[in-house]
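Peer 1: So the chains spell out like this:
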Amino acid sequence: MTDAAALDQRRLLADSVADYCRRSDPLRRARALRDTDPGFDRSAWQEMASLGWLGVGVPEAWGGLGLTLAEQAVVARGLSAAVMPEPVTAAMIATRAIVGCTDGALKASLLEGIVGGAILPALAWQAAHGDIDPARCAVVAAPDPSAPGALLLDGSACFVVGACGADGFVVAVRTMDAPALCWVPAGTPGLSLSPHRLADGRPVADLRFERVGVPSGHRLAVGEAAHEALAAALDEGQFAIAAELLGLSQRVLDMTLDYLRTRTQFGRPIGAFQALQHRAVDLYIHLRIGDAAFDQALRQAGGGDADRRAAAASRAKARACETARHITREAIQMHGAIGFTDDCDIGLYVKRALVLSAWLGNARLHRSRYAALVPLDAAEA
Amino acid sequence: MTDAAALDQRRLLADSVADYCRRSDPLRRARALRDTDPGFDRSAWQEMASLGWLGVGVPEAWGGLGLTLAEQAVVARGLSAAVMPEPVTAAMIATRAIVGCTDGALKASLLEGIVGGAILPALAWQAAHGDIDPARCAVVAAPDPSAPGALLLDGSACFVVGACGADGFVVAVRTMDAPALCWVPAGTPGLSLSPHRLADGRPVADLRFERVGVPSGHRLAVGEAAHEALAAALDEGQFAIAAELLGLSQRVLDMTLDYLRTRTQFGRPIGAFQALQHRAVDLYIHLRIGDAAFDQALRQAGGGDADRRAAAASRAKARACETARHITREAIQMHGAIGFTDDCDIGLYVKRALVLSAWLGNARLHRSRYAALVPLDAAEA
Amino acid sequence: MTVPDPTSTADASTDWDALPDDVFRMEVRQWLQANCPEHVRFPAGRMHWHECRDWWDILYRKGWIAPAWPRALGGMGLSPIKQIVMVEELERHGCGRMPDQGITQVGPIIIRYGTPAQKEWYLPRTLSGEAIWCQGYSEPNAGSDLASLQTSAVEDGDDYVINGSKIWTTLGMDATHMYVLARTDRSVKKQEGISFLLLDMKAPGITVRPIRNIAGDDEFCQVFFDDVRTPKSNLVGALNQGWTIAKSLLGFERLGIGSPRRPQLAFARLQKLARARGLFADPVFMDRFTALRLDIADLSAAYEVFVEQVRRGEPLGADVSLLKIWATEAMQRSSELMIEAGDEHGALGGDNDVDGVSMNVLAPFYSSRPGTIYGGSNEIQRNILAKAVLGLPQ
Amino acid sequence: MTVPDPTSTADASTDWDALPDDVFRMEVRQWLQANCPEHVRFPAGRMHWHECRDWWDILYRKGWIAPAWPRALGGMGLSPIKQIVMVEELERHGCGRMPDQGITQVGPIIIRYGTPAQKEWYLPRTLSGEAIWCQGYSEPNAGSDLASLQTSAVEDGDDYVINGSKIWTTLGMDATHMYVLARTDRSVKKQEGISFLLLDMKAPGITVRPIRNIAGDDEFCQVFFDDVRTPKSNLVGALNQGWTIAKSLLGFERLGIGSPRRPQLAFARLQKLARARGLFADPVFMDRFTALRLDIADLSAAYEVFVEQVRRGEPLGADVSLLKIWATEAMQRSSELMIEAGDEHGALGGDNDVDGVSMNVLAPFYSSRPGTIYGGSNEIQRNILAKAVLGLPQ
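Residue numbers (my numbering), protein chains in the order written: chain A, 2 to 382; chain B, 2 to 382; chain C, 848 to 1241; chain D, 848 to 1241.
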């Protein structure tokens, strides 16, 4: 695809997302679905499937659109700008892990189901809060003595976003000699969920595995392939989350600028007060820097070098977190007392930003990962 | 002395300093003496001696005023507000070390000479930049085989403020079994100075000792007494430097507020622009917080507990550095192009703040020392 | 000296103000330890009336419900500095704030400006908790610019008829009465046409709508007036004198809003998190943590400077606002460091298990927001300081 | 393709603009490596004329002294994007900035607005370095508010007679000529009575006083005019059109001021210090260092967005100012971290030995100051962005 064609493609996709957001009233739905389980609407999910969004990054061979991370980011960004409640990014991450797995019957049927909306997957992998190293995981897979080729899983995975309502889990496990990715359908005996409520009212869960049986056909990848599929899914997930953060930041800035232009105090619109003007300019600059950093990092992530991709993902996530933090905090302050009410939409975005910033590593963690991955060289200096 | 009497005393002292500054044109002198050696004027020094300032903290038994650290801080603060070129704080630190030493003939004669202005002392103790632990020093004292009871010093001391023009040095040394403080007159064979130019145009020097002979009578203190005299001198020095930083910060803020009130752009005084107003308010708040923290830390430093004194000194220095940094940087910006010229007095203060902030440990170092010294307890929480 | 049995029933005639400060402080401290119910200590937010009426009754029976009121009117008659001691001890013990605006706000106003009939009727009921007050100052279109308020009170026979709406009415749902600023003259400059009225919340035409805040709590209300009548005898002070009356309260009470106690509590939560997560061994965390620790310690030092000023009997100037700015912003920084230090815990709502300790990592984030907005936003405070303290041109 | 021998004497007729961008870039890079004298690389500040005239001559003989001028007038005739490539390569190689305002500022103005006689006389001399120009815009009482300038030019016979003073005249002591904004009509709105004049610095009545800056350098001058005469033939454009002419330059040249190169150089010094002092093992330093590193990397990304815009042939909007704000403030943060990381080295002036490496720890502190003040202070830039980009009310 040429650059221009790619840009057209993205514009089309962004329009389609914006159009859907306009007619589906996502803010009202986000409010209505807060503090419920699974916190989203399966019929909306089905609509998103029919719009192709659940298979944006899935190769055409498996029924997807076969597009790149850039297009997935466009979808994530657009939906986030409307606080869409459906767990598109969480499913995208799990889907990306499956795409990276060894070809086979299970992979094909899962991807077909995912793209069509019938199967909603989530990724269970994290050993502990504050640790995003894909090489560490707290689920151990041992051979099932009663079923040749099958495994028994024991252990736990924390902070599984999209777990409530998922039809199955891509689970990162350690076998005796290598990492592996397995498919564990929801409801498998021995698998239990401890749900928690996220700040934005959506659910997240810790998973506990006690002698959970995995038939041999449910092993998606083993060894280096499993590691790379997981690492790629997490890095691309960081990009998608960064895109969400930037999308909501832009919307919050727009809302705040509107408020500054219209809210009157002391006989003038408050946006005429220079102290607020200068602070608003700083928010705008942060957004522009964030967008530019994201686009450049996205280009750097291509090319197949895993360290380079990881560094680029960390760069994008670190910056997007800072951008969103700065913009959402100032948005509350600039909206004044109104901004502190639940009626004001700002709060939905603020809480969403809190969740997205902590998910898959916060800014501090990603800056430190970036420093560890990218040697200082003359080119940068 | 009652509280009220102490306050009167300090007010009197502050007035006497302010009066001297008014009539001695210190800013002009500071400019004239920049980049010269020793960078100050011995006749002004003599005047300060006659005003009693060189013996503020020296007990009356030795000819001093017998006042407290609070009064020394008043002098330091007042002189710093006028960028007075004479090394009063450096001499005060060395003097304080001598005061803490074991009584004896040398101590008495040194203090008499110091208070009267005849002897200008400096303290040489620091082993390395960025290290303010009084227990480490890089001068080793060994018995002089040719003179019983005498020592030979070898090693170095860095960043000796006031070294150029000093009549002698209080030198922290390590003997075989204990620390000690010795008196080494300027010009003693084997002692050499490598001068450097400070940012504010005053000199500082690294000292090198090569078989420098110290007769037995020049040992000022040994063992715990030497350690405590040095530690107390450094802690009190940090207070004096903090007082200097606050004194100059206040003056710089006053100059900046005056400029904001009078400089006109776009038909209005620039101080009428809200963005600058809010920033000016922040400077004012920093100064008030800095002053309050200093006064409280000063009260905490009394009572004889060395750790408590060290923690209080670190608290005062860390805050004063931040206050001065914030105020001096903004002062340049608010003065615009004028603030960047050498003709503008702001620059003298900016450079002085750079020197004082780095001398005896910068803000980061002192925060970290504070954290190490003060356990977290319920009272603070 | 003999410390009186702290559990004894108070004698209303005790002259607490006559005690030396330190003795008084220990007296209060011991009595609180013995008498304050656990359930009112360290609440997450403002307490509703039903959550604290037992504590109100205990204080009322002790004669300690109104530290600032004259003894002749049922208060403790404390000097400003003893009032500060009292507040400090209540905060130290973690006593939550009750719906106390009758005691702290409208009571003193009635004492100063009220008619004999108003005093006789309202003051005893306010002390006993029979009358619970809420404040009707802010309006949807008059936030920081309070003097532009639009709610009107029009004379009609023996009544004023009130129309309009008030917002950010703290605990309005709990109140039996409201004190209101309403516009009684539109023909004059905006501050000059405002009057101070008392209202019964049961009067026909009043609608109270709770406002849910970002943390999910209902601390505030919007109150709508649709031809609400209040007798002319409920006018406090002279007609159109309301602005002066409302502003007359801004004395040393402004110290409370800049007290280091709330940042200290936020910082204590941060410590708890750090302990649970083993962060005291993390140099980067410690760097930020210690900077914040000193920010709060140095705030305390500045607070003490103003307390000393009160102790010397000097009035507080506009400069006291610096405490509020520093305190509220330090609290927000503390909440941000808590989020960073919490990793994924910083994404969770409500109480959660943090490495074995139950904590609400985001609570300080939410509870530190109103401080920079209410009570004169920090922007307004900076305007005031620029003008009144720094003398910058307008 | 064959890369031409970079040491060959240039043929003025070479159409550099016709080369593909990458080829042109490599051509420039190689030629600089072969021809640029070491003494003009990475200077501490702006170079004086006597420090760089050899380098000027080399570029002049190569035909590369004026990248933006038309080839017919002795320039390279480069498109905007190739000019950016040229600047990037000069910066990459560390080539210091020469007294180039004749080339970048007044030259293009004469080309666009000048009379045939002005073009014929001034342009060749400007290229050759015979005429070295300085700018006379700012005045002591018209800093950010340039349009309020007071220097007057009054017609008298065939001359204008100029009185007043200009300040912040970069390298005014080196200049042979000056281009001046002067007030020629006091009866109209302030922008409308200003004309653009050329001056010979040798004219009687001119006094040049160097201004020492805070770092101890003499980059700037104040220039005083006492009945200075310049012939009417030195008026550029129409009378009272000066403001429009001066503003006409603000095109894609504004990119340069927001280039990431200067913060990168400051950051490189910080790295050098960190290496000398072993700070890469210090987690607290690394935390601050990496944040800054990403601030500068992300600035580069934003810079590229604007370069792309130029590449597409689109004009730059007011939003380009965001680069300048971010770049200059990142540079200041970098200089502050350098001071912190330097410990006592941060108190020393000039070059000093830092753990075996010779460094001037404070140089970035000084050199990062003017960036936020000159070229429209960052306050002015924020005003412009608020109005022109965010559309906030005035």
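Just so you know, these hints were derived from the structure itself, not from any lab. Honestly, I wouldn't trust all of these hints.
To be verified - Pairwise CB distance ranges (calculated): (1) 4(B) - 964(C): 56 to 62 Å; (2) 884(C) - 137(A): 46 to 52 Å; (3) 137(A) - 1235(C): 53 to 59 Å; (4) 269(B) - 988(C): 27 to 33 Å; (5) 377(B) - 1130(D): 44 to 50 Å.
As the list claims (entries may be wrong) - Think about it this way: if two alpha-carbon atoms lie no more than 35 Å apart in a straight line, the pair counts; the simulated DSBU-like pairs of lysine-lysine are: (6) 1037(C) - 1234(D); (7) 1234(C) - 1037(D); (8) 1036(C) - 966(D); (9) 1079(D) - 1049(D); (10) 1234(C) - 1049(D); (11) 1049(D) - 1036(D); (12) 1119(C) - 966(C); (13) 1049(C) - 1036(C); (14) 1234(C) - 1036(D); (15) 1119(D) - 966(D); (16) 1119(D) - 1036(D).
For each residue, glycine too, the CB sits at the ideal point set by N, CA and C.
Peer 1: Hint by hint, say whether it matches the structure.
Peer 2: Each hint, compared with the structure:
1. 4(B) - 964(C): 56 to 62 Å: 49 Å, violated
2. 884(C) - 137(A): 46 to 52 Å: With a Cβ separation near 47 Å, residue 884(C) and residue 137(A) satisfy 46 to 52 Å, so the hint holds.
3. 137(A) - 1235(C): 53 to 59 Å: 58 Å, holds
4. 269(B) - 988(C): 27 to 33 Å: 29 Å, holds
5. 377(B) - 1130(D): 44 to 50 Å: 20 Å, violated
6. 1037(C) - 1234(D): Holds, at about 30 Å.
7. 1234(C) - 1037(D): Given pair residue 1234(C), residue 1037(D) holds - Cα atoms ~30 Å apart, limit 35 Å.
8. 1036(C) - 966(D): Judged against 35 Å, a Cα distance of about 64 Å means the pair is violated.
9. 1079(D) - 1049(D): 17 Å, holds
10. 1234(C) - 1049(D): Violated, at about 50 Å.
11. 1049(D) - 1036(D): 32 Å, holds
12. 1119(C) - 966(C): This hinted pair is violated, its Cα atoms lying about 48 Å apart.
13. 1049(C) - 1036(C): 32 Å, holds
14. 1234(C) - 1036(D): 32 Å, holds
15. 1119(D) - 966(D): Roughly 47 Å separates the two Cα atoms, so the pair is violated.
16. 1119(D) - 1036(D): Not OK: residue 1119(D) and residue 1036(D) at ~53 Å, beyond 35 Å, violated.
Going through the hint list in order, the structure does not satisfy hints 1, 5, 8, 10, 12, 15 and 16.
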